[in-house]
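J.: In case you want the letters, here they are:
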Amino acid sequence: MRIGTKRKFGLAHLLFKGISQEALGKIGIAIIILFGVMALVSPFVINIDPDVYDPLIGVDPLIFSSQGPTLTHPLGTDHLGRDVLSQLLKGSQIAFLVGITVGLMATLIGTAIGLISGYFRGATDSLLMRITDIILSIPSLPLLIMILCVFEHRGIWVIVMVLGLTGWPITARVIRSQTLSLRERPFVQSARVSGASDWRIILIHIAPNVLPLTFLYMTIGVTYAILTEAGLGFLGFSDPTISSWGMMLQWCFSTGHTFKALYWMIPPGLSISLLALSFYLVGYSLEREINPRLREP
Amino acid sequence: MSDVIVKTTNLTKNFPAKKGIFRRSNGCIYAVHDVNLEIPEGKIFGLVGESGSGKTTIGNLLVRLIEPTCGRIQLNGQDILDLKKSEEIHFRRKVQMIFQDPYESLNPRLTVYETVAEPLIIQEKRSMHGNEKELLYALESAGLTPPQDFLYRYPHELSGGQRQRVAIARALIIRPKFVVADEPVSMLDVSIRVSVLNLMLELKDNFGLTYLFITHDLSIARYMCDWLIVMYQGKIVESGNTEEVIQHPLHPYTRALISAVPIPDPMVKRRRVELSEAMEDTSKPPLRCRFYPKCETRSPICEREYPEFNDKGHAHFVACHGV
Ligand SMILES: Nc1ncnc2c1ncn2[C@@H]1O[C@H](COP(=O)(O)OP(=O)(O)OP(=O)(O)O)[C@@H](O)[C@H]1O
Ligand SMILES: [Mg+2]
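Chains X and B, in that order, are what the protein sequence lines are.
Numbered by this note's numbering, the letters in the first sequence go through residues 1 to 297 in order.
Numbered by this note's numbering, the letters in the second sequence go through residues 1 to 323 in order.
Same shape as in the complex, but just chain X (with noise of 0.2 Å):
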């Protein structure tokens, strides 16, 4: 007898598929391979010598302004002579950080609101929706700024709460409207007519059936994680002792640097750009293997 089941149909082998298929989940795949190499390396980096490589304390001795590339400064230096490099690697580390703990709680919370909302419809689902609705429209980078204000000590911890407990209701919606088709599917029903409670219906037929979906949000909810820490990052109201890519930006930006030294605004921005188009890639490659409207023909 044959053991152990064969997945063929999980939701691993589903990524696999839609991923392969596609060039640009690909493409999207190898970025996010580089910046999470760049990620580990950071720590190894900044131990060569913490006193000069440090992305926050860690200064040139010899360095007093901004200088532009060198062999011991890759990319340069800032103008207190800190090493850009060092701090884009940290900086990667960061947007991992944000990204995926903001995509991880958006999805979640979105997925289980969405699931209640969907499953037990009547009036637990008009109030989920609402509170959804408030969210949705008000324009949340003016809500961010606001929250963000009343904190004094804005830590990225602080910013990943903010940013994870504000961005799950467009999850919500799309999983409460395919919750609402699968209960009503036969194999729903037909658990039903075995006594499955409401819980066991949810988790265990109705759950893994959007959980395929589900991941394709959280690419988004990252996309959107990353985009908007390095926003409020440039806008000043980031973590300001955390190299961030956003932070990096700003700290370019407000000394007057913009433009004079492109090594040292070119790659935080480019490196923003190209993981946030990266998680996007790789959520566009997989929605037609997992987004059942485009699945049908």
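If you are wondering where the hints come from, they were derived from the structure by calculation, not from laboratory data.
The reader is advised that the hints may include incorrect statements.
With a Cα cut of at most 20 Å, we get these calculated SDA-like pairs of lysine to any residue [said to hold, decoys possible]:
hint, chain 1, residue 1, chain 2, residue 2
1, B, Lys85, X, Arg200
2, B, Lys94, X, Gln189
3, B, Lys84, X, Trp199
4, B, Lys84, X, Arg192
5, B, Lys125, X, Ser197
6, B, Lys84, B, Ile122
7, B, Lys125, X, Gly195
8, B, Lys125, X, Arg192
9, B, Lys125, X, Ile201
10, B, Lys125, X, Leu203
11, B, Lys177, B, Arg93
12, B, Lys84, X, Gly195
13, B, Lys177, X, Arg192
14, B, Lys85, X, Ile201
15, B, Lys177, X, Gln189
16, B, Lys85, X, Trp199
17, B, Lys125, X, Arg200
18, B, Lys84, X, Ser197
19, B, Lys94, X, Arg192
20, B, Lys177, X, Gly195
21, X, Lys17, B, Glu157
22, B, Lys85, X, Ser197
23, B, Lys85, X, Gly195
Covered by chain B, per the in silico footprint, the following chain X stretches (three or more residues, Cβ under 8 Å) [stated by the list, open to error]:
hint, segment
24, 188-196
25, 205-216
Computed Cβ-Cβ distance ranges for the label pairs, DEER-style [stated by the list, open to error]:
hint, chain 1, residue 1, chain 2, residue 2, range
26, B, Glu124, X, Pro43, 50 to 56 Å
27, B, Asp82, X, Leu127, 27 to 33 Å
28, B, Ile89, X, Leu127, 15 to 21 Å
29, B, Glu124, X, Trp157, 42 to 48 Å
30, X, Arg200, B, Gly208, 24 to 30 Å
As the structure is a prediction and not an experimental result, all values here were calculated from the model.
Beta carbons: idealized from backbone N, C-alpha and C, even for Gly.
Since chain X is already given, all that's left is putting chain B with the ligands on it; use the hints.
T.: Frame of chain X, contents of chain B with the ligands only:
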């Protein structure tokens, strides 16, 4: 007649008819109206009628997928509509359903093992593992041989007939007493219909089942059923022994239905009674005979009151003023 396993009294289900962009409820659809059934234990009880006559609605009511607007349902003499939570699980054990579309009734993300074991896990609070013995037996009984080849497959790796057999194995694994089969072969390829029907007949004897067999195909009904009920727009118009109803249909609707079935014996000529095309508005309160607008033998009384359900001998009942 043997013991009655399922009995309904004045069973009625109205669906709100929502129209217009604001989906305001105006009136309702009388999907099932005042239905009294007595299903004898150990028999196959057929439910026939055209599309939209309320067959599925009755099936769903009997397995409590939906709640009736009014009326009572009894299983073995016990009222099933006001069960406590703890009693409901026992009811769920006795009654199962086989759905029409095997492509829709199996969760695409569960293996055959997970699908078939689910009722066992729910009913007997078992864990997911260690149910192989029961599963192999159920799959084998459902004609999936060798059963171990099917345990870890996904529905998309099965043919339609195999899927329906998995659905049957799932329904039977907790040894129900009463099974509602809602057009179980209508979505299957014609070539495998008979084998699935024969399987159901075989399982009925082996497991001591009673079926409510819903179909719109009279030849299948004749092949399968001991008793037949003919429905028209939510009402029972005729009921009786299958052969009796098919050989001597009394209600004009039944006669029209039977003459629409392809005749297996070319020597027998039957007059086709045409059902006129005009669709009746089901959402009007039912006062007159539902078949009145299309009936060939109507008389003025048919418009004023709904005919009583009368015994015409040999346990053959019909609701028609003209008979
Ligand atoms: N959930 C629902 N909401 C509103 N109306 C419904 C609902 N379910 C069924 N109906 C209506 O009730 C009537 C009976 O439907 P039902 O599905 O029981 O018919 P049926 O005899 O099973 O038909 P078919 O042979 O097509 O399966 C139809 O007019 C249908 O439109
Ligand atoms: Mg039906």
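J.: Just pull the numbers of the violated hints for me, sorted ascending.
T.: The structure conflicts with hint 28 only, although it agrees with all the remaining ones.
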